[in-house]
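In short: position in the sequence shown from 1, add 380, done, that's the numbering used here.
In case anyone wonders, no lab produced these hints; they're calculated from the structure. The beta carbon of each residue, even a glycine, is placed where N, CA and C say it ideally should be. Hints may be right or wrong, so weigh each one.
[What the hints assert, rightly or not] With a cut-off of at most 16 Å between alpha-carbon atoms, the simulated EDC-like pairs for lysine to aspartate or glutamate come out as follows:
#1 K519 - E888
#2 K631 - E619
#3 K931 - E888
#4 K433 - E452
#5 K519 - E771
#6 K794 - E725
#7 K805 - E641
[What the hints assert, rightly or not] Listed next, with one range per pair, are the computed distances between beta-carbon atoms:
#8 E1000 - P901: 56 to 62 Å
#9 Q724 - A571: 28 to 34 Å
#10 E752 - Q628: 43 to 49 Å
#11 E1000 - E1021: 54 to 60 Å
#12 E493 - G814: 33 to 39 Å
#13 H521 - K1085: 33 to 39 Å
#14 E632 - Q1081: 36 to 42 Å
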Amino acid sequence: MLFTLYSGNFCHMQSLSQVAIDHDLLELTRCLTREKSFVKRLELVQNFSATKKFLEREKSLKESFLACTEMEKYVLYALLAIGQGETIFKNGQTVEFAELAKQLIPVEEFYLEIGGIIGYHVTCLHLLAQKDVSEKKGKYHSPKAHNIAKCTDSVRESIVFGIRSLSGLAEIYPVGGAADRLSLRNERTGAFQIAATMEFAEKTLLERLIEDLQAREFLYWKLFGKQICVPVVLMSSAEKNGTKHLQQMLKEELWFGRRKEDFFLFSQPLVPAMSCLGQWCMVGPSELLLKPGGHGVIWKLAKESGALKWLKEKGKTKALMRQINNVIAGIDYGLLAFLGIGFQEGKDFGFAACPRAKGVSEGVNVVIETKEGFCLTNIEYCDFEHFQVEEEDLLANTNLLFVDLQIIEELLMKCPIPGMLVNAKKMKYKDLQGNTVEKEILRLESMMQNIADALVEEEMLQRTFITTNKRRKTISTIKKEFAFGSSMLQTPEQCYLDLLENARDLLENFCGFDVLTLQDPLSFFWDGPPFIFLYHPALGPQYEIIAQKLKNGRLAMGAEVKLQISDLYVENLDVDGSLQITSDAIMGHRDEEGILHYSDQTGKCILKNVLVRNSGINREASRSFWKDEIVHKEKCEIFIEESGEFYAEDVTLRGDLRIRVPSGVKVSAFMEAGRLKFHQEILKKPSWNWVYAISEIHSMQLKMKKSE
């Protein structure tokens, strides 16, 4: 049936008593979903009563339609059938039919299974009409989750299995969201930006996801000596020229050291926005107000674009789904354990969940029991009342998903557009007269995680699974700008604090460092963080790996340490000021085409019993820490080129210091008569490297191997 749909988010909606779905329009929609012939569908829409009545009144319009192609006629007739003729064709302005149809045809083609444009409109009205309906979807159960918050023996085993299975993995990132609440603009040009290109702590959000992935690939190489390149699928959208910006960034970044052929890009269609009374919004005589239709379209597009076939040809069987606005999910071992459980148990679908946070608008993971069986899925927060959900014992959905690529094709046959919902929001836009108006508008959206709705099991959690981990190591999203007086949740500021809190946990509880406790958020705004510690994920990514590279030390109040390096050994490091260690070869070397090859041809650094003393950050002049708008009075910078090495023992690095280590050179720092001096020697090969191994109890063991 057409309306066995996932009902959605009805927050902040006005009374919809005036909204009614015409019975004839419902019947037309049903006929369109059954009819396969385009010619017959065209006849149905052309001869529909509302279409005929409007054209009888507007005979000149009927004559103008004759010059259109058959597909153009179809989508224009569809507008009349759903009652949009008065809005679009009677505004006293000339309508370019071809331009209007160009916007509508992708919508018609994509939503064909639910009746195309007409089905899209009717579905929105149906979901609106269900606003006040309260119904249970079945009997709700809190799913029994694999607890990976503590690194137990079984979790260690899952981590290792996850690492071993990376060669069969793909990663899929939906990056086409509008990110309206972030108000992102290029500071130089003023042009709107998409979330993927947003810079957070010196790196774009997409760069952070790719770095996480490369750190796992590098770990695989260190353990097994084999190069792997996990293919990446990206779904963008034309919103704010998102597809263009994404392609431009990938080219400028030289595809992040990967081949262009290791990425598969496709764009999601933009969909019409309408008022809560079902009136479509126009921003020009021939221009609809269009917005992205949610990330639930990703599965259908992945199949139709050939992405699923592309992955199959590459021998990939499973995929990790991540959202662009959650940059902390790769912290420590969480994703590896999650993937390991999915691979080890041969699961078809999985959710990486965590405890819910007070005040955060987020969905929950729940097992729904019906007469058909059991389904592990997601219910959005605005549907709690609608579906009578008592969420106290349920875990938060994070949109970190494990999927079997073969099963996705089967689920698509049952549920091509999962988790359809309408979400009314106040939005400012320019109307036909060029006036800025603010209205509550909506469009049909869908949710990628609700493809699980189609996976019904005879017994609970046979083909599906769910994990739970510490929240701050699972999710901290960047969704909106911070405004004083409002909550910091889901802002860049909160994400930055969560990043630093994870760093404090790492340094204090794993590496033996003395660090200050993070203060309350208000102190963060007025005084800045008590310390900054940022590192490249290839340093680990697991804390137990990093703990073998960083041993004992102290970060004084206001200290800053940034480590863009993997081959590092630190013992008794005391920092009062700013220290930045960077290499242009963190995980290996690049060939002439810029392709990254994992190797020991990296920048290397050893610091033993080293004091760093400088004036560090100028707190008064620094504006935004998460934007890296940081001004320094002094800092110690160590830059190590490919195959270069820096060694310092029993020294003090004092004042504003810049040390550059050339490629193939070892620079040693030492003290002589109280003064810092340097010695250089040419290296024929690396003098040392880290050897990674897996112990009998599935822990990561590192050994420093010195060259003979």
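So, going through the hints one by one against the coordinates:
For the hint pairing K519 with E888, the CA-to-CA distance comes to about 44 Å; that exceeds 16 Å, so the pair is violated. The straight-line distance between the Cα atoms of K631 and E619 is roughly 20 Å, outside the 16 Å bound, and the hint therefore fails. In summary, the hint linking K931 to E888 is supported, as the alpha carbons are separated by about 10 Å, within the 16 Å threshold. Annotation: proposed proximity of K433 to E452 is violated, straight-line Cα distance about 19 Å (limit 16 Å).
Distance restraint check for K519 and E771: the Cα-Cα separation of roughly 13 Å lies within the 16 Å cut-off, and the hinted pair is therefore satisfied. Taking the CA atoms of K794 and E725, the gap is near 24 Å; set against the 16 Å cutoff, the hint is violated. Between K805 and E641 the alpha-carbon distance is near 39 Å, which puts this suggested pair outside the 16 Å criterion. A C-beta distance of roughly 20 Å is found between E1000 and P901, which places it outside the suggested range of 56 to 62 Å.
A hinted range of 28 to 34 Å for the beta carbons of Q724 and A571 is inconsistent with their spacing of about 46 Å. The supplied range of 43 to 49 Å is met by E752 and Q628, whose beta-carbon atoms lie about 47 Å from each other. At about 35 Å, the beta-carbon gap between E1000 and E1021 misses the expected band of 54 to 60 Å. Between E493 and G814, the C-beta spacing of about 37 Å keeps the proposed range 33 to 39 Å intact.
Checked against the hint of 33 to 39 Å, the pair H521 and K1085 fails, with Cβ atoms roughly 51 Å apart. Our hint of 36 to 42 Å for E632 and Q1081 holds, since their Cβ atoms are close to 39 Å apart.
Checked against the numbered hints above, the structure violates hints 1, 2, 4, 6, 7, 8, 9, 11 and 13; every other hint is satisfied.
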